[in-house]
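Protein chains: 2
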Amino acid sequence: MEVRVAVDAMGGDRAPGEVIAGAREARSEDVVPVLFGPRDVIAPLAPDLEIVDAPQVVGMHEKPADAAREKRDSSLFASCRAVADGNAHVVVSAGNTGAMLAAGLVEIGRLPDVSRPAIAAPIPAMRGPSILIDAGANADARPEHLMQFAHMGTIFAEEIIGLERPNVGLLSIGEEPEKGNLLTLEAHALLEGADLRFVGNTEGRTLLEGETDVVVCDGFTGNVALKTIEGTIRSVLGALRGEIASSTRGKLGGFLIRPAARGLRARLDPETTGGGYLLGLRGLVVIAHGSSSRVAIANATRMAARGVEHGLVEHLAARLPTSRAETRAGVGSGAVGP
Amino acid sequence: MEVRVAVDAMGGDRAPGEVIAGAREARSEDVVPVLFGPRDVIAPLAPDLEIVDAPQVVGMHEKPADAAREKRDSSLFASCRAVADGNAHVVVSAGNTGAMLAAGLVEIGRLPDVSRPAIAAPIPAMRGPSILIDAGANADARPEHLMQFAHMGTIFAEEIIGLERPNVGLLSIGEEPEKGNLLTLEAHALLEGADLRFVGNTEGRTLLEGETDVVVCDGFTGNVALKTIEGTIRSVLGALRGEIASSTRGKLGGFLIRPAARGLRARLDPETTGGGYLLGLRGLVVIAHGSSSRVAIANATRMAARGVEHGLVEHLAARLPTSRAETRAGVGSGAVGP
Numbered sequence: 070m071e072v073r074v075a076v077d078a079m080g081g082d083r084a085p086g087e088v089i090a091g092a093r094e095a096r097s098e099d100v101v102p103v104l105f106g107p108r109d110v111i112a113p114l115a116p117d118l119e120i121v122d123a124p125q126v127v128g129m130h131e132k133p134a135d136a137a138r139e140k141r142d143s144s145l146f147a148s149c150r151a152v153a154d155g156n157a158h159v160v161v162s163a164g165n166t167g168a169m170l171a172a173g174l175v176e177i178g179r180l181p182d183v184s185r186p187a188i189a190a191p192i193p194a195m196r197g198p199s200i201l202i203d204a205g206a207n208a209d210a211r212p213e214h215l216m217q218f219a220h221m222g223t224i225f226a227e228e229i230i231g232l233e234r235p236n237v238g239l240l241s242i243g244e245e246p247e248k249g250n251l252l253t254l255e256a257h258a259l260l261e262g263a264d265l266r267f268v269g270n271t272e273g274r275t276l277l278e279g280e281t282d283v284v285v286c287d288g289f290t291g292n293v294a295l296k297t298i299e300g301t302i303r304s305v306l307g308a309l310r311g312e313i314a315s316s317t318r319g320k321l322g323g324f325l326i327r328p329a330a331r332g333l334r335a336r337l338d339p340e341t342t343g344g345g346y347l348l349g350l351r352g353l354v355v356i357a358h359g360s361s362s363r364v365a366i367a368n369a370t371r372m373a374a375r376g377v378e379h380g381l382v383e384h385l386a387a388r389l390p391t392s393r394a395e396t397r398a399g400v401g402s403g404a405v406g407p
Numbered sequence: 070m071e072v073r074v075a076v077d078a079m080g081g082d083r084a085p086g087e088v089i090a091g092a093r094e095a096r097s098e099d100v101v102p103v104l105f106g107p108r109d110v111i112a113p114l115a116p117d118l119e120i121v122d123a124p125q126v127v128g129m130h131e132k133p134a135d136a137a138r139e140k141r142d143s144s145l146f147a148s149c150r151a152v153a154d155g156n157a158h159v160v161v162s163a164g165n166t167g168a169m170l171a172a173g174l175v176e177i178g179r180l181p182d183v184s185r186p187a188i189a190a191p192i193p194a195m196r197g198p199s200i201l202i203d204a205g206a207n208a209d210a211r212p213e214h215l216m217q218f219a220h221m222g223t224i225f226a227e228e229i230i231g232l233e234r235p236n237v238g239l240l241s242i243g244e245e246p247e248k249g250n251l252l253t254l255e256a257h258a259l260l261e262g263a264d265l266r267f268v269g270n271t272e273g274r275t276l277l278e279g280e281t282d283v284v285v286c287d288g289f290t291g292n293v294a295l296k297t298i299e300g301t302i303r304s305v306l307g308a309l310r311g312e313i314a315s316s317t318r319g320k321l322g323g324f325l326i327r328p329a330a331r332g333l334r335a336r337l338d339p340e341t342t343g344g345g346y347l348l349g350l351r352g353l354v355v356i357a358h359g360s361s362s363r364v365a366i367a368n369a370t371r372m373a374a375r376g377v378e379h380g381l382v383e384h385l386a387a388r389l390p391t392s393r394a395e396t397r398a399g400v401g402s403g404a405v406g407p
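Heads up: the sequence lines are chains R and X, in that order. When the letters of the first sequence are read in order and numbered with our numbering, they come out as residues 70 to 407. When the letters of the second sequence are read in order and numbered with our numbering, they come out as residues 70 to 407.
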């Protein structure tokens, strides 16, 4: 199957150069990147790739509501629209996450019964990948949203990662059910009653071990946790390099462990994952790091194609419980998080 | 000065054996540990240390409110009472954090104008120690609480760490002021108007770098972030060990870098820090990890003595802005967090 991936060529700190290079790197028999952006800017850089002209650009710090009102002809909105119109199977952007969420809602729309789309981010855990959901789409969430994230994460883990009956943990501050904040205490009660393999609270200290297949939390907590993992990995490996370089003995040792360290670093590098899926829409969206290099964009593009090949959106549409069955009154306002 | 440190001998997963051993290890000319617990249990293990009989024991998962009602004769409550009564200068416990907070409030009481005591935890950041506050006392907090945490953290960083005019960051999900959840958006506005060196939002990815001297957040977010740092450090160093051990070349390299790696591991080990200070009470409380070994207890005991020597409580009492001056109506209800 040939997957057409709409790539927001103007999204991210290193756009358009690195984004275009990454899209080119991901191109294969099965993956066809289509670049969205101002043709006069992009065409000279990508004479070999398909381009759709989208003259406007959404800034990294522009307000999502402003962008939705004034920038419908931007690369970010136009690439989402291409998915809605059937001109592409999936979209990849390293641009403004809030604007991307708004574009997804406005151009693609939510699946029936989904109240809040959420970002499912793979964590490079030691025992194999875990899923953290929500990794940043909803800075404020209600308990029933967390339950829906749990369902979406479970379907994701089964269909994309291939786990059988993945377990679900609620990210909190103690393993006992009575530990947590108001949000997690209420979500814990809901999750216990849901048709999920819920194993209770899980803690930050085991996130990178991968004890839990699907880790559920609000987007604020998830984003803090994910960035803390990334920053800590970088700081620890950097500090180790520094310590090693401070003695001759260490330098020789460092030379000898280089292959081993390189393998680990590559596995833990956020660029290797490439990004997270925005789940809950009628089409598929992959959100890459704002700082993405060509390597990250290439991996995010491949990840996007994989999601299409596995029919991720179709599985979510078919398998998500309806709001009537599981969630409570008051769900479905569909307000966009910041 | 001789500092009398009340040690809750029954607090923590490895009590009383490791706790007593740690207290003994910390004993010096200036540090006098006083053990609290059932005399018949403790005396055989500590014939060489001062003991105050406290027959009850608070379980690690006991509800704080229940403990406050029924366990006033526990090691946990009695050791706090000793501080209030002047029989000890400071208390150390690796026990139930919620019960410890309750005991602090009930037995020692809050400083005037403090609405919520908070845990200030040192982070072993690369550029020298940072302070994370609140690391877990208040799972739910209001914006004005975060501002008070910022003041307490600043005074801590100046008086204990010796930083001059430390900078304060708000832990959030993007550096721009408009990124965050409802709590941080409102807290950001308050912090901007406060007499603090507020540098705006800070992110999880730089926590271990130490760009920010005082990192402010609610206790849920702080606890998740702190445990995520600890778990990630352990996972990364463990994975590196595994990679190195998988080849002969790696094993030789691993042998050569051992001294360098050992230094780094010791610096990053939570046991080296020992614990966090519970700030905002009329007396000083140090809360150690539940899993503390004798090394951690010894370090927490020394940390407790250091806080007394530096007059931490006196500095907080003298320097914290009054609620009238800086906080808004509605503060001061003093409800205990979960």
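Be aware that a few hints might be false.
It does not matter which identical chain is meant; a pair holds if it fits inside one copy or across any two.
Here are the computed lysine to aspartate or glutamate pairs in the DMTMM-like style, where the Cα-Cα straight-line distance is at most 20 Å [unchecked claim]:
| no. | residue 1 | residue 2 |
| --- | --- | --- |
| 1 | Lys132 | Asp182 |
| 2 | Lys320 | Glu247 |
| 3 | Lys320 | Glu280 |
| 4 | Lys132 | Glu245 |
| 5 | Lys132 | Asp142 |
| 6 | Lys132 | Glu71 |
| 7 | Lys132 | Asp338 |
| 8 | Lys132 | Glu233 |
| 9 | Lys320 | Asp154 |
| 10 | Lys132 | Glu247 |
| 11 | Lys132 | Glu299 |
| 12 | Lys132 | Asp117 |
| 13 | Lys132 | Glu244 |
| 14 | Lys132 | Glu255 |
| 15 | Lys132 | Asp99 |
Everything labelled a hint here was simulated from the structure, so no lab data went into it.
Each hint tested on the structure:
{"no.": "1", "hint": "Lys132 <-> Asp182", "result": "neither (27 Å within a copy, 38 Å between copies)"}
{"no.": "2", "hint": "Lys320 <-> Glu247", "result": "neither (49 Å within a copy, 45 Å between copies)"}
{"no.": "3", "hint": "Lys320 <-> Glu280", "result": "neither (35 Å within a copy, 28 Å between copies)"}
{"no.": "4", "hint": "Lys132 <-> Glu245", "result": "between (39 Å within a copy, 11 Å between copies)"}
{"no.": "5", "hint": "Lys132 <-> Asp142", "result": "within (16 Å within a copy, 56 Å between copies)"}
{"no.": "6", "hint": "Lys132 <-> Glu71", "result": "neither (35 Å within a copy, 58 Å between copies)"}
{"no.": "7", "hint": "Lys132 <-> Asp338", "result": "neither (29 Å within a copy, 41 Å between copies)"}
{"no.": "8", "hint": "Lys132 <-> Glu233", "result": "neither (40 Å within a copy, 36 Å between copies)"}
{"no.": "9", "hint": "Lys320 <-> Asp154", "result": "neither (57 Å within a copy, 56 Å between copies)"}
{"no.": "10", "hint": "Lys132 <-> Glu247", "result": "between (38 Å within a copy, 9 Å between copies)"}
{"no.": "11", "hint": "Lys132 <-> Glu299", "result": "neither (26 Å within a copy, 35 Å between copies)"}
{"no.": "12", "hint": "Lys132 <-> Asp117", "result": "neither (33 Å within a copy, 66 Å between copies)"}
{"no.": "13", "hint": "Lys132 <-> Glu244", "result": "between (38 Å within a copy, 14 Å between copies)"}
{"no.": "14", "hint": "Lys132 <-> Glu255", "result": "between (31 Å within a copy, 17 Å between copies)"}
{"no.": "15", "hint": "Lys132 <-> Asp99", "result": "neither (36 Å within a copy, 57 Å between copies)"}
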